[in-house]
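Based on these hints, arrange chain Y on the given structure of chain P.
Protein chains in written order, with the numbering used here: chain P, 1 to 422; chain Y, 1 to 325.
Just so you know, the hints here were simulated from the structure itself, not pulled from any lab data.
Hints may be right or wrong, so weigh each one.
Taking lysine to aspartate or glutamate pairs in the EDC-like style, the calculated list, with each CA pair at most 16 Å apart, reads [to be verified]:
| # | chain 1 | residue 1 | chain 2 | residue 2 |
| --- | --- | --- | --- | --- |
| 1 | Y | K212 | P | D112 |
| 2 | Y | K111 | P | E152 |
| 3 | Y | K42 | Y | D87 |
| 4 | Y | K183 | Y | D117 |
| 5 | Y | K165 | P | D112 |
| 6 | P | K145 | P | E186 |
| 7 | Y | K172 | P | E152 |
| 8 | P | K215 | Y | E62 |
| 9 | Y | K165 | Y | D117 |
| 10 | P | K199 | P | D172 |
| 11 | P | K145 | Y | E62 |
| 12 | P | K201 | P | D172 |
| 13 | P | K195 | P | E160 |
| 14 | Y | K282 | Y | D303 |
| 15 | Y | K212 | P | E117 |
| 16 | P | K215 | Y | E58 |
| 17 | P | K145 | Y | D50 |
| 18 | Y | K247 | P | E379 |
| 19 | Y | K247 | Y | D324 |
| 20 | P | K215 | P | D242 |
| 21 | Y | K47 | Y | D87 |
| 22 | P | K205 | P | D172 |
| 23 | P | K199 | P | E157 |
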Amino acid sequence: MNKTKKLERRDFLKLGASGLAAGALSASCATVASKQGETTVSPQAAQPPVSAPAAEPAPAKSAKSPRRMLGRTGIQVPIVSMGVMNADNPNLVRAALDGGIFLLDTAHGYQDGRNEEMLGTVLKDRKRDSFVLATKVHLSTLDRKTGLFSKETRGEEIEEKLDISLKRLGLDQVDILHLHNQSAREGALYPPVLKALEKAKRDGKARFLGLSTHKNEPEVIRAAVEAKLYDVVLTSYNFRQDHHLEVQKAVAEAAQAGLGIVAMKTQAGVYWDTAKRSPINMTAALKWALRDPNVHTAIPGFTTFDQLQTDLAVLRDPTLTDDEKRSLEAPKLVGFFCQGCGQCLDPCLAKLPIPDLMRSFMYAHAYRNREAAQALLLELGLPESPCGDCDECPVRCAKGFDVRQRVRDIVRLRGVPREFLG
Amino acid sequence: MSILAMQRGLVALLALSAAASSPTATQGEPGGVPKVSSLFPKIEGWKISDGPTSYTPETLFEFIDGGAESFLHFDFQDLASATYVQDAVRRGDNRKSSRALQGSSSAGAGKVELTVDIYHHRDALRAFGMYTQERPAGTAPLPVGVEGYAGPDYLEFVVGPYYVKLLQSGGKGQSVLRPFADKLAAGLPGTREPPAVLQVFPDRGKRVRAEKLAARDFLGQSFLHDAVAVPYQIAGASFRLFVVEGKDSADVRTMVQRYRALAKAAGAGADAVGPQGSATVKDPLNGEVVLQWKGRWLWGAVDQSCAERQALVDELGRNLSVLDK
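Next comes chain P alone, as it looks inside the complex (with noise of 0.2 Å):
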């Protein structure tokens, strides 16, 4: 990866310091033609898109971030938005605002309606065309394991629920309103759900209109386009998916229909194991989302300053380089990974977590991700030299693993600044 091109930690402290001061920022339209529908932002150009709302929302002084047309919506939207779902620090949405991620998502059972709570008491001090607000409206009548509704399904639901989160939200409208969760055609074409949603929109309280599927992909999103309703698909995507390819074509097929595509879970599970000891490249992860022009946004969700930084850092630059490539390649697990049978741990005259050190070296080798090799590393509160000074090491690994070898090998990751490590 270019790294000047990568958000710099201290710049990304400064600039969420100075949102923080500043509040809301100002808007701004700016937009700059480029190939694929994809425009390059600077406040410094000015020119609204057709159909766009009046100001479009406003990037971070100084930042220059691709976005994508949301399809026939005309809202030009930055490629990495948030998943607001289990935030719950005002000061880290204020932050991504700040930093470009204009663009959020929640839903209105998201913690029972805490967090589109949350999101008012930050979008209260923001400009109302400084961000894109989507939310999703989930029905109780919905079966989820044949994605169809009951007979008892009210379309009034839709608005009651609506209602309830545009007060959460302290809006009058929120900009894209999902049907939340939809995994079959029937379902996403049932008449008394397509009426309330058109009613939403027709009454104002919604300007554009969505569905969410994560579940038989295809087939809802193929179902969208022949309802002539939506304007928005929110679908999962992601590299390991077994059908990505089929949901690659359907959602070619929606944005060319004029959908807008955003993609959701495209962290994959985070990890590749269910013991969660191996993580995926997260910035790897959602560059491979983003690398289909189709898909216009990401919503990976974020809890923390380190994880926006990362996201911030693919929204300047989505370049899927080759060796994110090939860290996206099922692990081969052999050669790597410690058993944590604790054997080493006694021989250790220095008692290091030798274990902890292997699993910091799978990472950073196996994985190929050395920024969770180098978080893990800072955890483990090292001394400076683990060795200390022993010449010869008493440890034999049960796995034959070289350990002195190792431990010297990625220790050296804790002083490598972070943004040298992607």
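Relative to chain P, chain Y alone:
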């Protein structure tokens, strides 16, 4: 012994005792913790019409979409969901639940259905933590389990490591939630006491029932875990007092060290961290954060400052020593 350890011990004891005296004992998992799908009791006047259906951390998304993320943050273990229907009505309505067919009817006009979701977390503290994430501000507490709250058609409560949600449909405005919840709660193993750490927060200016627990990523910092934050309002200033429980003293020192390193990157200095101390960190994103630490405890204040705040932080520190006894 840590709060978490004490609570885990208590939960395990209660779980063992409940398992020994209930039909769930033979269905228990190793360690005496019953399978969550076995926790649906027979309740007079009610029958299970659907379920229980179980979900794991890998499949929770299928049940609650992106809302699953929050539960996973609180070490969600598994969930079982079942629908109860009133027995008398069910006898008069022999149709199998037919919600699977779009456009079909599943309930007669007077039919009352209760959907019961039991979320099982790693321990009582995390179950309560998830509950605090979803609890609306200003709702009246219900004495069900550790605590609960209710609306016209829902009731939610927590017992031990279980966070339980009831949703009623039908009944023409007559709520059956509370008596049902009482019976359900009585059969659930686990503590009925709120986390002990909540008791150490000073009462002056405290906003009651507004505390929030964070299992990880407290203040948006990946190195701060197992935190409780309580909002205060004094003399026009709004701030939060917080307590972070480290695994041990070294864990706490690492947290402080990393926080200082973050501040240093923003221009502040960073000194060596001893086993006990205090500091004010200029967190570039959360503003000024007051920190004090001793042993496995890290505590302090964030958000707006006022003269009273430091006194409360000091009092909080003194109160924390009670938990070490």
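Now the hints, each set against the structure:
no.	hint	in the structure
1	K212(Y) - D112(P)	14 Å, holds
2	K111(Y) - E152(P)	13 Å, holds
3	K42(Y) - D87(Y)	11 Å, holds
4	K183(Y) - D117(Y)	15 Å, holds
5	K165(Y) - D112(P)	11 Å, holds
6	K145(P) - E186(P)	13 Å, holds
7	K172(Y) - E152(P)	15 Å, holds
8	K215(P) - E62(Y)	8 Å, holds
9	K165(Y) - D117(Y)	5 Å, holds
10	K199(P) - D172(P)	15 Å, holds
11	K145(P) - E62(Y)	9 Å, holds
12	K201(P) - D172(P)	12 Å, holds
13	K195(P) - E160(P)	14 Å, holds
14	K282(Y) - D303(Y)	11 Å, holds
15	K212(Y) - E117(P)	15 Å, holds
16	K215(P) - E58(Y)	14 Å, holds
17	K145(P) - D50(Y)	12 Å, holds
18	K247(Y) - E379(P)	12 Å, holds
19	K247(Y) - D324(Y)	13 Å, holds
20	K215(P) - D242(P)	12 Å, holds
21	K47(Y) - D87(Y)	6 Å, holds
22	K205(P) - D172(P)	6 Å, holds
23	K199(P) - E157(P)	12 Å, holds
Checked against the numbered hints given earlier, the structure satisfies every one of them.
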